[in-house]
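Using the hints provided, position chain B relative to the given structure of chain A.
As they're listed, the protein sequences go chains A and B.
In terms of the numbering used here, the first sequence opens at residue 1 and continues consecutively.
In terms of the numbering used here, the second sequence opens at residue 1 and continues consecutively.
Calculated from the structure, these hints are not laboratory results.
Please read all numbers here as calculations on a predicted model, not as lab measurements.
Any given hint could be a false lead.
[As the list claims (entries may be wrong)] Covered by chain A, per the in silico footprint, the following chain B stretches (three or more residues, Cβ under 8 Å):
#1 23-36
#2 48-54
[Said to hold, decoys possible] Subject to a maximum C-alpha distance of 30 Å in a straight line, what follows is the list of computed DSS-like cross-link-like pairs (lysine-lysine):
#3 A:Lys148 with A:Lys89
#4 B:Lys100 with A:Lys148
#5 A:Lys148 with B:Lys97
#6 A:Lys89 with A:Lys21
Ideal Cβ positions, reconstructed from N, Cα and C, are used throughout, including at glycine.
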Amino acid sequence: MEVVTPTLDGDVLGFLARGEKAFTGREVSRGIGRSSHEGVRRVLERLVQQGIVVSERAGTGVLFQLNRQHLAAPWIEGLASLRLELISKLRDAAAAWETAPLGLILFGSAARGDAGVGSDLDFLVVRPNSVDPGDDQWRSQLAELEAKATAWTGNDARVLEYGEGEMGGLLGNEPVLDAALEEGVEIAGSLRQLTRMETTR
Amino acid sequence: MQFLDAALDIRDLASEESDVGDAFVTLCAHAGIAAADAVCCIELREHARGESHQEAVALLRRVRPDGRALGNSLNTLLGLKTRAGYSAIPVNAEMRKRSKLAAERLVTAARDRLP
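With the rest of the complex left out, here is chain A (with noise of 0.2 Å):
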């Protein structure tokens, strides 16, 4: 939504778009995270004398909803499905890909969708023992990647790669595998389930 408006107004439609139900004010500021309630009740007033949101009484309290009827909403719903898009076309390209990761997995601020203008898209893969560090096939793909993934969103992707022989030294030494492994979105292969074999080895 970002690409298109980078003000509270964005963040407040995408939001809506991406439920199914009515929220209440606070709800829609807790969704977003990262305003004031007051600056969010104002967005929302604007919205709705707008028409893109409708409201509703519930008890004491208004309820908002994105105006699935206006002809503004399709295009509003698409931009926020943004990143399920890309997660999409990354899982496309991946499996293309004639030398297949043992894992390949997007993590960060676009994996938790959170991603803003200037945050990276990380990536991190695991390559087969099989495969030479400095194949050519290997290195393309992974070039490629970066480049459809930075075409695609205008955010700079960066892989950081390891060696499948290097995983069980990594297992609880390594907060970026932790994390990615936490938080992250699986495009290729299974790195949960390659890090469940080293645990038990």
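Quick look at chain B alone, frame taken from chain A:
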């Protein structure tokens, strides 16, 4: 060239090469970035600005006739720099060797283009 010299000095002065692996790889990457900028300035009359790795690699790939290979070397260095910067585990001997080769390739390409 100064970055590459500094990388080699640090490696040679260390009691254990592996102790300074991350610094060595990072300096090799800086040598590669500086050499790539020089090649682009000489051949294309422009160089990459800002922080974008991909923009720098894409620009270098436009150089003829060896831009594609040089772009791959720069990409290798940037990947290793990411590894050295993000990971708590020091880079290994293979990574140090690969970063030196890639940096030397880029520095040589820049040097060969100097009048």
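Are there three or more residues in the stretch 23-36 of chain B whose C-beta lies closer than 8 Å to some C-beta of chain A?
-> This one is violated; 0 residues, fewer than the three required, reach chain A with a Cβ under 8 Å.
Apply the coverage criterion to the stretch 48-54 of chain B and chain A: a residue qualifies when its Cβ sits closer than 8 Å to a Cβ of the chain, and three qualifying residues are needed.
-> Check passed, 4 qualifying residues.
Going straight from one Cα to the other, do B:Lys100 and A:Lys148 come out at no more than 30 Å?
-> 27 Å, holds
CA of A:Lys148 to CA of B:Lys97, is that 30 Å or under?
-> Holds, because 28 Å separates the two Cα atoms, which is no more than 30 Å.
Hint consistency between A:Lys148 and A:Lys89 [alpha-carbon to alpha-carbon, up to 30 Å] | OK: A:Lys148 and A:Lys89 at ~9 Å, within 30 Å.
Would you check the hint for A:Lys89 and A:Lys21, treating anything up to 30 Å between C-alpha atoms as holding?
-> 28 Å, holds
Taken one by one, the earlier hints fail for this structure only at number 1.
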